[in-house]
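2 protein chains.
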Amino acid sequence: MTTRNHCLERDAQDPLASLRDQFDLPAGVIYLDGNSLGARPKAALTRAQQVIAQEWGHDLIRSWNAAGWFELPRRLGNLLAPLIGAAEDEVVVTDTTSVNLFKALAAALQMQADEPASAGRRVIVTERSNFPTDIYMAQGLAGWLDRGYTLRLIDSPEELPGAIDADTAIVMLTHVNYRSGYQYDMAATSALAHDHGALIVWDLAHSAGAVPVDLHAGGADLAVGCTYKYLNGGPGAPAFIWVPKRHQPQFRQPLSGWWGHAAPFAMAPDFRPADGIARALCGTQPIVSLALVECGLNVHHQTSMQAIRAKSLALTDLFIELVEQRCAAHPLGLVTPRAHAQRGSHVSFTHPHGYAVMQALIARGVIGDYREPAIMRFGFTPLYTSHTDVWDAVEILRDILDRQDYNIDAKRDAVT
Amino acid sequence: MTTRNHCLERDAQDPLASLRDQFDLPAGVIYLDGNSLGARPKAALTRAQQVIAQEWGHDLIRSWNAAGWFELPRRLGNLLAPLIGAAEDEVVVTDTTSVNLFKALAAALQMQADEPASAGRRVIVTERSNFPTDIYMAQGLAGWLDRGYTLRLIDSPEELPGAIDADTAIVMLTHVNYRSGYQYDMAATSALAHDHGALIVWDLAHSAGAVPVDLHAGGADLAVGCTYKYLNGGPGAPAFIWVPKRHQPQFRQPLSGWWGHAAPFAMAPDFRPADGIARALCGTQPIVSLALVECGLNVHHQTSMQAIRAKSLALTDLFIELVEQRCAAHPLGLVTPRAHAQRGSHVSFTHPHGYAVMQALIARGVIGDYREPAIMRFGFTPLYTSHTDVWDAVEILRDILDRQDYNIDAKRDAVT
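Residue numbers (UniProt numbering), protein chains in the order written: chain A, 1 to 416; chain B, 1 to 416.
Be a bit skeptical, because a hint or two may be false.
[Claimed, not checked] With the C-beta cut set under 7 Å, the calculated list includes, among others, these residues of chain A facing chain B:
| # | residue |
| --- | --- |
| 1 | 33 |
| 2 | 48 |
| 3 | 52 |
| 4 | 58 |
| 5 | 136 |
| 6 | 140 |
| 7 | 237 |
| 8 | 257 |
| 9 | 267 |
| 10 | 269 |
| 11 | 271 |
| 12 | 283 |
| 13 | 285 |
| 14 | 286 |
| 15 | 288 |
[Said to hold, decoys possible] Some residues of chain A that are not near chain B, with every Cβ distance over 10 Å (derived):
| # | residue |
| --- | --- |
| 16 | 36 |
| 17 | 57 |
| 18 | 85 |
| 19 | 95 |
| 20 | 116 |
| 21 | 301 |
| 22 | 309 |
| 23 | 310 |
| 24 | 338 |
| 25 | 339 |
| 26 | 362 |
| 27 | 386 |
Because the hints were derived from the structure by calculation, they are not lab data.
All residues carry an ideal CB built from backbone N, CA and C; glycine is no exception.
Construct the complete structure from the given sequences, taking the supplied hints into account.
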């Protein structure tokens, strides 16, 4: 039986333990929601002061050049690239995940339309349990193109092989499911899509900074993702899009704003896409939020995705083990796969009163979140979560469940 | 002849003079580029600290509800609305101007397509001298819709009446031209479009906070704009989109992300647009940059657009007068209209060595900017620019020109 002392010992031997000091975490809180909003790197406050007081306030318009504002999407993309197996000049940090997905899907549909053998393909395959905005953006694009594109929604990963066929233009999947924590085998799934002549677009929202990703080895065609979860970029921080060099010449997308122009300051009246990854850009970016993304990436560069993954699995294994031991009397159902290869960095359990139990946990300082239907999510960010945090969180969960110390009539907030 | 003492007297009587204290402006600088990047409200630094340290760092995920992050686009939209003649719940601050223009154009085309009498209209009329991203976004949208939409570019406002016909689906214009400073008569131009059955989409990038705008009285159908120029929202701060209540039920746009869903946290697999202005939203917004927009709006709410306009015209009149008097020996050409009704809040002069002269001005602390071809732009933000600033700036310009103290081989920066 694992004890709290075992957890303390593991923390003492944890090579990532010292990184926790680089984050501002409030006293009395066990933060298990880094899969929704990453904690604040301490450096973010100083960096914001520098951007706001010096670069904006003092240097004013000159900062577009002098402070490198205009280059930020590309510079941060290059900082992020090694975390996801991307090469230099293949990633930009920009816009939102939704908007980037629109660009990626539009470009992928166009690549298929331009390929005589694939021009008739009209189906986008994805999962019903995908994060809704991914489905909505695909619906929005398909509905507007007047070319008869439709979505085919699978109900579980097992249905995927049967769902991809000669009509499939794109397979669009989130690598780690936001609700279940299920992780796809990227290489095998990409190969499956390619075997049928489809392109594959990956959403790395719950993967980037959380699990090792090798987009090139994984055979991905295009990818998007989020910086405000495991990358700790700040609330709603700009997202990213990856276009591998092999697809860049064919990558065309309809959000053809001036930042994606080959010569944005020539002020020419015709759009001519930039060479390379800059063609994935659109409009002027929110510099303060964008600049803070660097602070989170800098913490990541002090360790490796392998070390993060080792600790992530240790934490999620420990959480599953402790919940199943200590809360065995309660109707909790593990949603997340036990197999390491199929697991991301969060663990979800169902409970009939999942929303109420989560509110009780939050009131006691254990911050996870709730997702319909009946799912309590617990995210484990190896950069700042300790084994003892896991122990203490489970102990509070056990106490709440044993004493039924939750309000099943709890009013729901707008954002849950 | 106006003297510097006259300028000092006007400053002493200026009802807006005290607002300058609310901005951080570096010593030794006369900032005439608020039309490109507004100066920093002092309050922005404190607000950023609050958002980053307290809301993000301490309250973490709870801030989506507790700090009203999720409501920010709508709350800021309502703060901005009175500055542009919009009603409550008609504006959201979100995304970039480019992306918002894409939404507006797509929705307007769809409104026309849904109207039997207008369904065949295939032309978007705009100006060749419009800000390039506006043209590019329209090109991107038109090119992707496969419905034969084309752009018709006019070369001057006088060509507009002849360019709008029974084929015109949309007239898309920037209210105040980014280069010339020419201001359209919104009501007359909207009426012209409507007389021909076209819808009109206005870009207020150089109008919002700079000139009085009354979108309802002006007959606008849809509008977008920018918060980082005269609204002093911060570098690249999120933009805005206006959809009047009369068009909201018909407003549908392809960037159908989860923030535009009727029930974003129901996580339903089908997109159902929110009622009202929220359907103009798409993905998760960059909260730090977004929050700072409020600081600039708060300064505006201490005065009125009428007072701002009166001072703006006084400053631009003074600048034109002084340049024409004191720099009469030099080949400067006024680009901006002399007629008040046709002028925004910046003044542009051509000079054969415009780029070099502007670099010399900047080196001497007079910050304007340069736009191809040969145009020096000088922006006048009544909230923080004084009559004496105008005098001093012209005196430095005169000195540079008289002594030919500029380097015609000056290397161009990436962002000019």
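Legend entry - Restraint outcome when residue 271 of chain A is required to lie within 7 Å of chain B by C-beta distance: Since chain B brings a Cβ to about 4 Å from residue 271 of chain A, closer than 7 Å, the hint holds.
Legend entry - Interface hint for residue 267 of chain A, Cβ within 7 Å of any Cβ on chain B: For residue 267 of chain A, the interface hint holds, since the closest Cβ of chain B sits about 5 Å away, which is under 7 Å.
Inset, instruction - Closer than 7 Å between Cβ atoms is the bar; does residue 283 of chain A clear it against chain B? Give me holds or violated. - result: Cβ of residue 283 of chain A sits 3 Å from chain B, so the hint holds.
Inset, instruction - May I ask you to test the interface hint for residue 48 of chain A with respect to chain B, counting a Cβ-Cβ separation under 7 Å as satisfied? - result: Holds: closest Cβ of chain B sits about 5 Å from residue 48 of chain A, inside 7 Å.
Inset, instruction - With 10 Å as the threshold, tell me whether residue 116 of chain A passes as away from chain B on beta-carbon distances. - result: 18 Å, holds
Legend entry - chain B versus residue 57 of chain A - minimum CB to CB distance exceeding 10 Å, so not interface: Check fails; 4 Å does not lie beyond 10 Å.
Inset, instruction - With 10 Å as the threshold, tell me whether residue 36 of chain A passes as away from chain B on beta-carbon distances. - result: 5 Å, violated
Inset, instruction - Decide, holds or violated, for the assertion that all CB atoms of chain B are farther than 10 Å from the CB of residue 386 of chain A. - result: Given that every Cβ of chain B is farther than 10 Å from that of residue 386 of chain A, nearest at about 17 Å, it holds.
Legend entry - Residue hint residue 52 of chain A, partner chain B, criterion CB-CB below 7 Å: Result: holds, 5 Å to nearest chain B Cβ.
Legend entry - residue 339 of chain A and chain B, when compared Cβ to Cβ, separated by more than 10 Å: Nearest chain B Cβ is 25 Å from residue 339 of chain A, so the label holds.
Legend entry - Restraint satisfaction for residue 257 of chain A [CB to CB of chain B, less than 7 Å]: With a minimum Cβ separation of about 4 Å from chain B (threshold 7 Å), the hint on residue 257 of chain A holds.
Legend entry - chain B contact restraint for residue 286 of chain A - C-beta distance below 7 Å: Because about 3 Å separates residue 286 of chain A from the closest Cβ in chain B, which is inside the 7 Å limit, the hint holds.
Against the hints set out earlier in the document, violations occur for numbers 16, 17, 19, 26.
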